[in-house]
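K.L.:
Listed below, chain by chain, are the residues.
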Amino acid sequence: MFSKLAVKNVGRSFRDYGVYFLTVAFGVCLFYVFNALETQTVLQYLSNHQRQNIVESIKGLIGVLSVFVWVVLAFLILYASGFLVRRRSRELGTYLLLGMERRQVAGLLLAETAVTALIALAAGLALGVVLSQALSVFTAGLFAVPQTTFQFSVSVPALVRTALAFVGIFLLVMVYHALSLFRKRLIDLLRANRSNQELRARGLGASVALFLGGCALLGVAYAMLLVRGMLRVDPLFWVMIGLGSLGTLLFFRGLSGFLLRLCQGRKKLYYKGLNLFILRQFNASINTTYRSMTVICLMLLLAIGITATSVGLNNTVERMTAEAQPWSVELTVWPEEEGQAMDLPAALEEGGFAPDQWCSPWAAFPLCRDSQGEFGIRAADYAALESAWGTERAQAFLMRQGAEILPDGGAYTAVLWHFLADYAGEPQGAEEAFLAAVSGLTDTGGYSYSTKQATWMDLMGTKVLVLFIGLYLGVVFLVASAAVLALQQLSQAADSAGRYQILSRLGVSEKARGRSVDVQVFLAFFLPLALALIHAVVGMTAANEVIAQVGHVDVGASGAVTALLLVVVYGGYFLATCWGSRRMLRASA
Amino acid sequence: MDQILEVKGLCRNYGRGSITHAVDHVDFSVEKGEFVGIMGPSGSGKTTLLNCIATIDQPTSGSIRVEGKEITGLKPKALSRFRRERLGFVFQDCNLLDTLTAFENIALALTIRGTPAGQVEGLVKETAGLLEIADCLNKYPYQMSGGQQQRTAAARAIVTRPALVLADEPTGALDSKAARLLLDRFEALNTQLAATILMVTHDAFTASYCHRILFLRDGAVFTQLERGSLSRRDFFRRIMDVVAALGGDQSDVL
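Protein chains in written order, with our numbering: chain A, 1 to 589; chain B, 1 to 254.
Bound-form chain A, shown alone (with noise of 0.2 angstroms):
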């Protein structure tokens, strides 16, 4: 009898908690895209090609990375599923009071969290298999990784770790809920339902000075970020994080009396509609929502500022490539003795890479000392040079070696040697050619070489690094942020029920109520963003100049890509909400 009142409960929860499974699935998916990154096409196409080192550490940083995830997705799924038990205690309380024993109804408890945990955790998995497929083709095509044929593959280890991972939690949520329940009083749990929300009446001339004072420090933290720069980690740094998180708590603090002030100082606003309503109700609810607010902030500015910043970085170190080896391959050879006469081309082809057969263009010369000193390549090599790549590249490469135009005719000797070349049709067997050939090199007092694939590969393991673990920690505090913002939206729904059920007959249309909702669920979700996009603009203005050093932030891609992320994660939780309290607020007019 208890399972079949189980099963009925859980497929009302269902249909009531939308967010609760949602953040479940969300989490679960997450962390099996991130614990699965040995399916990814970028990693096997490193790993394929001798960067093995690379992937290695990129996993293992994901699996560090992966604990304090848990971490955080195990505080989200705790404080979801109290929400939800919390909305049901008077239901609990009923069954006790009927004559159920405490270890009855918390088995009920169990037997339901069970049920749900295991549903949405299949959810998750199957969302983020075709995730994960699909983050897959999104970097193979932002890194140009050729792409041989599509496969679809599922990581066994993955979906194992990710399952126990969230068993683990859902065992944590299991314990915690029976003991809490084990505690409470029954005239608590049949008394939950009723609005406990304090109510003081604060002044609001301390609303407003509250938020002008919060604007006044945050006006006082971009000013020293703006002209201290991001770098500096000194005492004053976290004065400065530390006036700016203050300044955001007192912002949303005074915010609505703020705002309540300000209109009711316009009557014709004021007094329009649901206008006093709707304001008074943001404002009885910010006085318990504002701490949470100014987390949300500050997390949702994590969030934007590590996907932006890493895909904004990814972007940049894929135009240093070019500029760090302008070469296919670039090969120095240093001769055993100063003087000696080597050839370059000859040894190679030696070696079974002929330059003329694998390349075009390409050129062997020495770089000399003259009699004086004077370090140089001979006037003769360095029009070959010019002849092949274009004065422009010539000059670069004197630039960088130092070195100056020596003329014809002297008496030199050769102190290095170089090769260099662009190679002509397939690269990859080029590559493997050359490598072969450079390994067998006898004769030399040692060499050094470095070709472009190389270097494209090294960059490239560095960006997937930055990218993949900015992707994953931005999604985990968004879809944190948002989660936490939905159910405390959710619940305050809940609690403003009779309120919408007085409006209801006092004669406020269906659509009137509805509308107040949505303004409240909206400025609930769009306040901490709004301030938090604000933030992160000053951040990334500042950010840019110390990246400016490095490269330059291609900053309308990862705004795109930040952009995109919000909305589909921020966006749908907050259409959820809408959603939820609505109905919410329908069953009960």
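Calculated directly from the structure, the hints in this document are not laboratory data. Hints are not guaranteed to be accurate.
[As the list claims (entries may be wrong)] Straight line, CA to CA, 30 angstroms or less: simulated DSBU-like cross-link-like pairs of lysine-lysine:
| # | chain 1 | residue 1 | chain 2 | residue 2 |
| --- | --- | --- | --- | --- |
| 1 | A | K267 | B | K139 |
| 2 | B | K75 | A | K272 |
| 3 | A | K184 | A | K4 |
| 4 | B | K75 | A | K511 |
[Said to hold, decoys possible] What follows is a set of in silico ranges between Cβ atoms, one per label pair, in the way DEER data are often shown:
| # | chain 1 | residue 1 | chain 2 | residue 2 | range |
| --- | --- | --- | --- | --- | --- |
| 5 | B | S176 | A | R515 | 40 to 50 angstroms |
| 6 | A | L98 | B | Y14 | 48 to 58 angstroms |
| 7 | A | L98 | B | E121 | 44 to 54 angstroms |
| 8 | B | L74 | A | R515 | 18 to 28 angstroms |
| 9 | A | S491 | B | D218 | 39 to 49 angstroms |
| 10 | A | A209 | B | G73 | 52 to 62 angstroms |
| 11 | B | Y14 | A | L262 | 46 to 56 angstroms |
| 12 | B | N138 | A | S491 | 40 to 50 angstroms |
| 13 | B | Y14 | A | I119 | 33 to 43 angstroms |
| 14 | A | L97 | B | G228 | 42 to 52 angstroms |
| 15 | A | F138 | B | E121 | 57 to 67 angstroms |
| 16 | A | W238 | B | R81 | 52 to 62 angstroms |
[What the hints assert, rightly or not] Partial pick of chain A residues on the chain B-facing surface, computed with a CB cut under 7 angstroms:
| # | residue |
| --- | --- |
| 17 | K268 |
| 18 | L276 |
| 19 | R280 |
| 20 | G507 |
| 21 | V508 |
| 22 | S509 |
Even for Gly, the Cβ is constructed at its ideal location relative to N, Cα and C.
We have chain A already, so just place chain B on it with the hints.
P.N.:
Coordinates of chain B only, in the frame set by chain A:
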């Protein structure tokens, strides 16, 4: 005299199969400026009847006319409009919005009707004076006594000058002194503003303020009592007699 409310053959059934007749063929009417009470034991259908008139509940059959206009079967939008323009409510609980001050609670009834902002303040203050709550207009509901809250609710119901004020057990949660004060104000509203009031109660003392009382039993009108020129004390006795008669049939159950 104008007829404000006319109820004809009103039925409200619950359930399928074994049907409960919560309201069973009720006919009555209320004239403009009347103060009418509906009495009856619990389960007699008083609240269901009031809810049907308040358009919160849909009757199964029968007609309800307010100022000659049929209100059963109105569309939700028209219902909301009707409620905010023609009706005023006072309920036992769930009355005032706890986030708003008394002033704003009363003003809200005006703003949702689209009353010009300039007139709001004057209308609220005038009505508040009539109900003797002018000194607690800036308080929140939780800062006021139960009686003050109920009078604020009454002010909100009357401030829009509705055709009909519906009150469901308005004194139910009040002590006798606060109840008397509220009823005095109801009487004042009735005489000074010519407000038409329909009040449901199970309390004989509360009912003795009415001009006319409808007694319900098992969903049907059992009898009617007119106050006429009787003093309130005498009217109270008459009411008690009827209540005793109403309960008399059931004395064998006890």
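K.L.:
Against each hint, give a clear statement of whether it holds in the structure.
P.N.:
Quick rundown of the hints versus the structure:
no.	hint	result
1	K267/A with K139/B	holds, 19 angstroms
2	K75/B with K272/A	holds, 25 angstroms
3	K184/A with K4/A	holds, 25 angstroms
4	K75/B with K511/A	holds, 13 angstroms
5	S176/B with R515/A: 40 to 50 angstroms	holds, 43 angstroms
6	L98/A with Y14/B: 48 to 58 angstroms	violated, 24 angstroms
7	L98/A with E121/B: 44 to 54 angstroms	holds, 52 angstroms
8	L74/B with R515/A: 18 to 28 angstroms	holds, 22 angstroms
9	S491/A with D218/B: 39 to 49 angstroms	holds, 42 angstroms
10	A209/A with G73/B: 52 to 62 angstroms	holds, 55 angstroms
11	Y14/B with L262/A: 46 to 56 angstroms	holds, 50 angstroms
12	N138/B with S491/A: 40 to 50 angstroms	violated, 29 angstroms
13	Y14/B with I119/A: 33 to 43 angstroms	holds, 36 angstroms
14	L97/A with G228/B: 42 to 52 angstroms	holds, 50 angstroms
15	F138/A with E121/B: 57 to 67 angstroms	holds, 59 angstroms
16	W238/A with R81/B: 52 to 62 angstroms	holds, 59 angstroms
17	K268	holds, 5 angstroms
18	L276	holds, 5 angstroms
19	R280	holds, 4 angstroms
20	G507	holds, 3 angstroms
21	V508	holds, 5 angstroms
22	S509	holds, 4 angstroms
Figure legend: structure checked against the earlier numbered hints; hints not met, in rising order: 6 and 12.
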